[in-house]
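Q: Start from the sequences, fold in the hints, and give me the full structure.
Line by line, the protein sequences give chains A and F. Each residue of the first sequence is one higher than the one before, counting from 211 in this note's numbering. Each residue of the second sequence is one higher than the one before, counting from 211 in this note's numbering.
To be clear, the hints were calculated from the coordinates, so they are not data collected in a lab. All figures in this text were calculated on a predicted structure; none of them were measured in a lab. Keep in mind that a hint or two might mislead.
Note that identical chains are pooled: a pair holds if it fits in a single copy or bridges any two copies.
[Claimed, not checked] As a list, the in silico DSSO-like pairs of lysine-lysine whose alpha-carbon atoms are at most 30 Å apart: (1) K473 to K569; (2) K395 to K357; (3) K569 to K596; (4) K338 to K376; (5) K273 to K244.
2 protein chains.
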Amino acid sequence: MSKLVPPHGGKGLTLCLLHGSELVAEKERAEGLKKIEITPGERGDLIMMGIGGFSPLTRFMNKADWQSVCEKFMLSDGTFWPVPVMMTATKEDADAISVGNDIALVCNGELMATMKVDEKFEMTEDMKRKECELVYKGEGEDSADDKFWDVAPEDHPGVIRVLNRKPYCLAGEVKVLSEGEFPTKFKDIYLRPAETRAIFEEKGWSTVAALQLRNPMHRSHEYLCKIAVEVCDGVIIHSLIGALKPGDIPADVRVKCIDTLVKGYFVDDNVVQGGYPLDMRYAGPREALLHATFRQNYGVSRMIIGRDHAGVGDFYGMFEAQEIFDRIPYASYEDACKVPGKALLCQPLKIDWTFYCHKCDGMASMRTCPHGKDDRVILSGTKLRKMLSEGGDIPDHFGRDEVLAILREYYEGLTEKVEIKMQKAASGEAMK
Amino acid sequence: MSKLVPPHGGKGLTLCLLHGSELVAEKERAEGLKKIEITPGERGDLIMMGIGGFSPLTRFMNKADWQSVCEKFMLSDGTFWPVPVMMTATKEDADAISVGNDIALVCNGELMATMKVDEKFEMTEDMKRKECELVYKGEGEDSADDKFWDVAPEDHPGVIRVLNRKPYCLAGEVKVLSEGEFPTKFKDIYLRPAETRAIFEEKGWSTVAALQLRNPMHRSHEYLCKIAVEVCDGVIIHSLIGALKPGDIPADVRVKCIDTLVKGYFVDDNVVQGGYPLDMRYAGPREALLHATFRQNYGVSRMIIGRDHAGVGDFYGMFEAQEIFDRIPYASYEDACKVPGKALLCQPLKIDWTFYCHKCDGMASMRTCPHGKDDRVILSGTKLRKMLSEGGDIPDHFGRDEVLAILREYYEGLTEKVEIKMQKAASGEAMK
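A: Next up, the structure:
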């Protein structure tokens with residue numbers, strides 16, 4: 211029997227990705243169905259449902275689930291779930307579809323899934339604003355009551371995504387027909403929940419931590435992972451390989467950094483690298499809960515939550531994503547005993563702000579280092595990007611040389627591309 | 211309601227140390243009782259029972275408990291307990307005492323307790339050998355089947371203690387009348403379970419780790435503590451202030467080292483220093499279980515178990531004290547649900563061999579550092595003692611300078627004492 215934490219929801223991995231002849235038949239059937247274009251964000255959710263990453267979800271949510279999730283952190287059947295998973299449609303499409311219809315879901319020309327529509331409802335502007343306030347509004351500076359709606363639509367990509375939703379929602383069970391580019395484009399690190407579970411089991415692990423990663427891995431992330439390795443059987447460095455916001459570093463560069471770091475600074479046997487096909491929602495605390503929830507499906511029992519997890523701007527308090535685990539329903543071990551299958555079992559591994567400290571003579575955090583600001587090597591992402599792209603010297607101990615070299619190369623490439631563009635533009639000008 | 215782990219055994223802290231008028235009256239009554247001399251080891255166990263450190267134990271064990279503990283890790287009522295807690299008597303004393311008698315327990319002239327004897331039994335040589343084999347025999351080199359009885363009586367202080375027991379055991383409930391020198395001699399760090407619990411609660415902690423310490427605290431111990439601080443609400447550096455084996459460093463020097471280290475290298479608010487009045491048994495894995503059991507009474511939920519915990523010589527496998535937690539009965543959370551009150555709730559925080567590594571550029575363990583022997587700063591206790599007492603240079607990064615200075619001073623003092631003794635001896639010779 212597996213010693214790993216069971217998938218969320220008490221029903222095992224609920225896979226709805228079709229294979230083989232079933233897939234061929236369903237694709238054929240889909241040809242005759244009405245096609246609805248879905249967004250890239252909805253596509254990510256769909257693939258996660260397909261591979262069991264969103265177990266026990268195998269459907270886009272109806273209105274009751276949407277409301278229950280927003281207000282009570284649970285599906286209408288009482289199963290813990292932290293964020294809405296919605297499929298939206300234009301008024302025109304919605305008018306053309308009746309409850310009971312089968313439809314085909316398409317994204318950028320690719321057939322992704324079929325769905326049996328069992329509910330259709332309007333997603334009013336009021337509902338969108340309610341979701342933003344309940345799910346995306348934190349306790350950080352930008353979320354202050356008098357400020358949130360001034361700042362959010364421009365600076366919060368998650369809020370924009372909700373506000374830009376089409377005006378109708380379609381709910382229903384899905385059959386997923388494709389995992390898109392992930393199995394090929396990221397063939398070395400794209401792992402489905404059943405695959406990570408098999409890897410963990412083969413290694414004999416029972417307690418597994420996950421590091422959520424959407425930025426290059428520096429020593430502060432390395433330190434988070436190493437704490438996890440000290441106290442768990444192993445760690446999965448789990449990169450988001452879906453869409454990020456503009457300016458973030460692409461997945462292939464991040465993966466190369468991780469490879470290099472693991473090779474030079476980790477005991478190979480205690481670390482697994484993987485990627486998951488979801489887009490960022492930037493929902494801060496709520497997204498931290500989602501990260502723990504789907505990680506449980508991947509076989510992870512401890513989700514590393516550092517500072518400003520899944521945050522953006524100053525929308526969330528620095529440790530709000532840690533604190534939320536203490537106040538949600540159904541997330542303690544006691545609750546898990548009372549409502550088997552419905553509670554979140556993957557627990558947070560909360561770690562404070564980490565850095566290198568000269569006096570500590572090693573990595574430390576605000577919880578372990580009593581020294582002053584001047585003893586610590588701390589660098590903002592913005593400052594680091596500037597240093598890397600301008601070829602400036604990075605302070606000692608901040609990153610591993612091999613990793614910084616990869617990032618420098620990436621930024622130099624970017625600069626070259628810009629220069630080529632500018633040259634082309636200039637020569638174009640000249641030819642006129 | 212306290213968020214701390216409840217005391218072991220499901221009965222709260224079972225205190226049997228008397229106070230005030232009750233104490234005065236019992237002391238008076240004890241004057242008229244037959245006095246039995248107990249050993250220093252038995253005295254330590256007695257004080258732990260008095261202050262609730264051994265909850266739910268308030269009695270020296272009878273034969274059924276002794277056998278059940280040796281063979282099944284539990285008292286005869288099914289409560290988890292890892293080591294025998296026995297009171298022994300000479301044949302002469304045993305002959306003079308009948309079941310039902312009240313007796314007074316005395317150690318080095320001090321009245322320590324009264325006991326109502328409810329069972330008297332012979333502790334045969336066979337029983338002693340059986341206890342040694344079941345409780346003290348590990349899987350290390352010195353414990354190899356063909357070797358244990360050759361090596362143990364000389365080199366294993368715990369085995370010696372069992373073999374030297376007087377031939378009878380007296381069992382019964384105790385009333386403890388004194389905590390000996392601990393509240394005065396160690397007034398700054400002697401803390402009773404109710405006191406550590408009050409401190410932890412005031413700090414708002416729920417998950418608390420304990421570091422067991424009987425040696426000076428170097429960076430490897432500091433690292434264990436800091437990992438614990440990263441993942442728990444706080445840590446108690448818990449020093450044994452009872453008796454050690456000859457050659458070990460006395461408690462006051464160790465406490466001074468810890469003070470210095472905490473002051474310079476810890477965030478004060480995350481650390482508590484305490485001492486407990488027990489002697490070492492050197493029972494390795496079984497003692498690690500005892501350490502977790504009584505720590506639970508102090509409010510500790512995670513017991514740090516490093517390499518060769520509570521070991522001596524090569525009697526135990528390097529990580530045997532970690533592995534035992536996986537195979538004892540009643541020590542998993544599932545068991546805790548099935549047999550409430552009887553299971554051990556304090557879980558191990560297992561950490562591998564730790565050291566400073568130049569390539570890692572900080573502290574690391576065998577689980578996190580992939581580098582070679584030459585990159586690591588590792589020093590045996592014997593080698594360190596030699597360097598300290600001979601004034602040699604300690605390798606960089608091994609310890610904190612302030613702590614090493616205290617140890618140097620201690621060893622210099624030792625050398626002076628030896629020199630004075632030798633001078634006295636020499637002048638005595640000369641005077642003859």
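Q: For each hint, tell me whether it holds in the structure or not.
A: A quick look at each hint next to the structure:
For the identical chains of this complex, K473 and K569 are neighbours both inside a copy (28 Å) and across copies (13 Å), given an alpha-carbon limit of 30 Å. In the homo-oligomer, the alpha carbons of K395 and K357 never lie at most 30 Å apart, since the shortest distance is 41 Å inside one protomer and 60 Å across protomers. In this assembly of identical chains, K569 and K596 lie within 30 Å of each other by CA distance both inside one copy and across copies; the values are 27 Å within and 27 Å between. For the identical chains of this complex, K338 and K376 are intra-copy neighbours only, at 10 Å inside a copy versus 80 Å across copies, given an alpha-carbon limit of 30 Å.
Taking the shortest Cα distances, K273 and K244 sit within 30 Å of each other inside one copy (22 Å), while across copies they are farther apart (80 Å).
The earlier numbered hint that this structure contradicts is number 2, and it is the only one.
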